[in-house]
Amino acid sequence: MKDIRNILEDRRKKSVKTAVILVSLLLAAAFISLYSGPAKIGLFEPLNTMSRQILYMRLFRIMLAVLVGGGLSVAGVILQGLLRNPLCEPYVLGISSGASVGAVASIVLGAAGTFIGLGILPIWAFAGAAVTFFIVYRTAEVSGRVPMQNLLLTGVIAGALLSSIVIFIVSFSQQETLHSIIWWLLGNLQIFDGGLLFFVAVMVVAGTAAAYIFSNELNAFALGEEEAAHIGVDIERMKMVLFLTASMITGAAVSAAGMIGFVGLIVPHFMRMIVGPDHKILIPSSFLAGGIFLLVCDTAARTLMPPAEIPVGVITAVFGAPFFIYMLRKKSRL
Amino acid sequence: MKKLILTSLAVFLAAAPAYAAGTMRIVSITPSTTEIACALGLEGNLAGVTTLCDYPPSVTKKEKVGTFSDPNIEKIVMLKPDIVLATGLEQAQAVEKMKRLGLKVISVEPKDFEGLFRSIEEIGRACGKEKEASGLVGDMRRSLDSIRKNTDRIDASLRPKVYFEIWSDPIMAAGKGSFISEMISLAGGINIADDTGRPFSQFSAELVVERDPDVIILGYMAGGVSAAQSVGGRLGWGGIKAVKAGRVYDDIDIDTLFRPGPRLIDGVRALNDRFYK
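Top to bottom, those sequences are chains B and H. Just add 2 to the spot in the first sequence (first one is 1) and you have our numbering. Just add 24 to the spot in the second sequence (first one is 1) and you have our numbering.
Just so you know, the hints here were simulated from the structure itself, not pulled from any lab data. Accuracy of the hints is not assured; some may be wrong.
In silico DSS-like pairs for lysine-lysine, Cα to Cα no more than 27 Å straight-line [claimed, not checked]:
| # | chain 1 | residue 1 | chain 2 | residue 2 |
| --- | --- | --- | --- | --- |
| 1 | H | K265 | B | K42 |
| 2 | H | K135 | B | K42 |
| 3 | H | K123 | H | K88 |
| 4 | H | K88 | H | K173 |
| 5 | H | K173 | H | K123 |
| 6 | H | K121 | H | K86 |
| 7 | H | K135 | H | K200 |
| 8 | B | K42 | H | K200 |
| 9 | B | K282 | B | K42 |
| 10 | H | K200 | H | K301 |
| 11 | B | K42 | H | K301 |
| 12 | H | K85 | H | K99 |
These stretches of chain B come out as covered by chain H in the derived footprint (C-beta under 8 Å, 3 or more residues) [unchecked claim]:
| # | segment |
| --- | --- |
| 13 | 18-32 |
| 14 | 59-68 |
| 15 | 92-98 |
| 16 | 226-233 |
| 17 | 305-314 |
Here chain B is said to cover these stretches of chain H; the calculated rule only asks that three of the stretch's residues, wherever they fall, bring their Cβ under 8 Å from a Cβ of chain B [to be verified]:
| # | segment |
| --- | --- |
| 18 | 83-91 |
| 19 | 151-160 |
The C-beta atom is built at its ideal place from N, Cα and C for all residues, glycine as well.
In isolation and in its complexed conformation, chain B is listed as follows (with noise of 0.2 Å):
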């Protein structure tokens, strides 16, 4: 009894030392992305209405780095979770290209000037998000069970259909926006309606809130759904909860920054290697890392080419890609 007393106090203090360390890491890495920049503002220089506003765009952009960031990789701990492989991320599932097809429909029909306004791009990412998963869900169920197999195929091919439906719309749609189409699926973290970072904010933590409640069954589902259903998990009701929550993430996310990729794939990886398999440490330092990771990349993709910006997504793959690559002969060597 004083042995699991003792392993319970360790993790406690484990987790306390992780969040703590996280949590400084994020403030320091705020803290220089809030005075990096093309355009130059000395830490101890007196404000003007100028700087003062360039520091609130920054402000404002590391917000959403942080929120996207965290909210892909929390996608990603789910659907690894979930589907009990650690190379799952919102792709896989076509989740993020479901979003990025009710986006670009909502550009291209934005630039037939009858349904732009705030407020729709998130709407139809979303939408997008919800209506993949769920088709996608369906397609995959054999008389009222998901087998994990049929939800993994499924979920590729959606991907694969839901990509030529881009592809589809941007060559079909008027020349001067598609080029842009192209680029908003590199990913841009630059915003400029604090209304759609706030609907981001709440979808996310909203997201990350629900994925820690049900981390215990989260926790279930690693020894295999069969064993999960034994302990008592509803687990049919419990996916249907839980991939609908990583699908609202997603779109929130592809809604206000693009497709980023690599995000949701490496960072619960990594943080898997640190804090272990736990969810209930695992969701709110994957959380965390991943907001680090993203902010990092961003400050780079706004800082290293001025006056010019690098999209976002290819920071991403190109730190991320090599790192991955790192990881996976790491593993495979022990």
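Chain B is fixed; fit chain H onto it per the hints.
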């Protein structure tokens, strides 16, 4: 000698249908070359255009050979054109394919006004409209000169700083090497994005605030709200001079800014008009 006569006869016979006035068949697979061909009086010879060709308005009734980015090569071959007008980069593959099929392709890719003048002359030469081409180029040069005569007098410190936004999400600006940049300078403005060093790139939003342009031109329709509202409503952009003065415009015909054809002159005039209102 006999051989030479036969050869020249063969060459003449082969070339004759192509150069007989009125019977030459032209397929144009970019909106800009369609405009150039029509300005040279070749509208009657156009056997096919793309779905994006919409100027002059009467060309929309022509046979369609696909979109700009995806021309239908089979259909082009079936139309038996004597000449296909195309552009460089984006259509390089299609141009290559058509050349292999034995079609005569004139591919133009002007980067600035001098390049555009050369392209017009090249198309004129290939289609037997040399006189018309040099006339058109002469007219365009004279129009540009008359605008320049007015703007040259303006001291650099009095010229408006201009931010030309190609697209809003992400924000994309036109840098040096683009027609837009050249047009801004011809119209008497100073392009704040010239130092990107690339014709088009994603531009830093905070630098637009720092560089504080006097005029903002949108290369797209703001849609729904006014141009000034859509730009001024962005986080952090409310204090920009152009926003405060209400000098944000999205009312210039986009095709006169982006299509490298004769109507670019109208684009320069429209810019000049917005800069010195």
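Right, here's what the structure says about each hint:
| no. | hint | in the structure |
| --- | --- | --- |
| 1 | H/K265 - B/K42 | 20 Å, holds |
| 2 | H/K135 - B/K42 | 33 Å, violated |
| 3 | H/K123 - H/K88 | 20 Å, holds |
| 4 | H/K88 - H/K173 | 42 Å, violated |
| 5 | H/K173 - H/K123 | 44 Å, violated |
| 6 | H/K121 - H/K86 | 23 Å, holds |
| 7 | H/K135 - H/K200 | 11 Å, holds |
| 8 | B/K42 - H/K200 | 23 Å, holds |
| 9 | B/K282 - B/K42 | 42 Å, violated |
| 10 | H/K200 - H/K301 | 25 Å, holds |
| 11 | B/K42 - H/K301 | 33 Å, violated |
| 12 | H/K85 - H/K99 | 16 Å, holds |
| 13 | 18-32 | violated (count 0) |
| 14 | 59-68 | holds (count 3) |
| 15 | 92-98 | violated (count 0) |
| 16 | 226-233 | violated (count 0) |
| 17 | 305-314 | holds (count 6) |
| 18 | 83-91 | violated (count 1) |
| 19 | 151-160 | violated (count 0) |
Of the numbered hints given earlier, the model fails hints 2, 4, 5, 9, 11, 13, 15, 16, 18, 19; all others are met.
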